[in-house]
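Undergrad: Going left to right, the sequence shown walks through residues 7 to 222 as the working numbering numbers them.
It is possible that part of the hints are untrue.
To be verified - Across the chosen pairs, the derived CB separations fall in these ranges:
| id | residue 1 | residue 2 | range |
| --- | --- | --- | --- |
| 1 | PHE45 | PRO80 | 31 to 41 Å |
| 2 | ALA35 | MET99 | 24 to 34 Å |
| 3 | GLU75 | ARG101 | 16 to 26 Å |
| 4 | LEU11 | PRO122 | 32 to 42 Å |
| 5 | ALA19 | GLU123 | 26 to 36 Å |
| 6 | GLU33 | SER56 | 34 to 44 Å |
| 7 | PRO23 | ASN58 | 12 to 22 Å |
| 8 | ASN16 | ALA118 | 12 to 22 Å |
| 9 | HIS40 | ASN7 | 31 to 41 Å |
| 10 | ASN16 | GLU123 | 15 to 25 Å |
| 11 | GLY121 | GLY79 | 31 to 41 Å |
| 12 | GLY79 | THR125 | 16 to 26 Å |
| 13 | SER56 | ALA30 | 19 to 29 Å |
| 14 | PRO122 | PRO80 | 32 to 42 Å |
Worth flagging that the hints you see were computed from the coordinates, not collected in a lab. The model shown is predicted, which means the values in this text are computed figures rather than measured ones. Virtual Cβ for every residue (Gly too), placed ideally from N, Cα, C.
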Amino acid sequence: NLATLMYSTNRLAEAEPLQRRALAIAEAAYGPDHPRVAFALNNLATLMYSTNRLAEAEPLLLRTLAIAEAAYGPEHPDAATALNNLAQLLQAMNRLAEAEALLSRALAIDEAAYGPEHTDVATALNNLAEAVSLVLRALENAEAPYGPDHPDVVTAFNKLAALQAKNRLAEAGHLMRSFVEIFEAAFGSDPEVATALNNRAQLPKATNRPWWKWNP
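Turn these sequences into a full structure, and let the hints steer you where they fit.
TA: Here it is in structure tokens:
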């Protein structure tokens, strides 16, 4: 509680040793896998995030998620909260594909637990929409200065298509077709083209359609 007061009054240097002490006490009293430990880990990770120590925050949030899943099950709303917190960190680290995957999981958990009209579901939807918009913005930023055939643009297409391949097959197919054409124009028979074609072929497999007839 004292650390929370320090944090809320922006006395972060004073808050950190208190949070670390609270974490050590919780681990000693309850063991390393108790939900009380997850609570202390999340608080410390929040401080790391606020002081731009993102790499230090990540293992703390990974532990928080592991504890929540072990204690309550991977489909519990507390696991969804841990997924969301980790996703926010990954967004700040520009690991957008990983963030969207976690947010999609969190949304599915909340919808199953609360129903589609619950406020927690609305929050999860908003977080996921923000993550997708960041990926789209990255694609636009890559394309604007270099043109649509630049390798950075190809990479962006590939990442976005991979994000969408599971649930948005029509959009993903369009993007996959675009970056395969770019690879073929740039590299000819290079192995990179084979990789792109293989990725392209995975999409119709999800809908039992041969890839050569795939025309979203």
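Undergrad: Can you give the numbers of the hints that this structure goes against, from lowest to highest?
TA: 1, 5, 6, 8, 9, 10, 11 and 14
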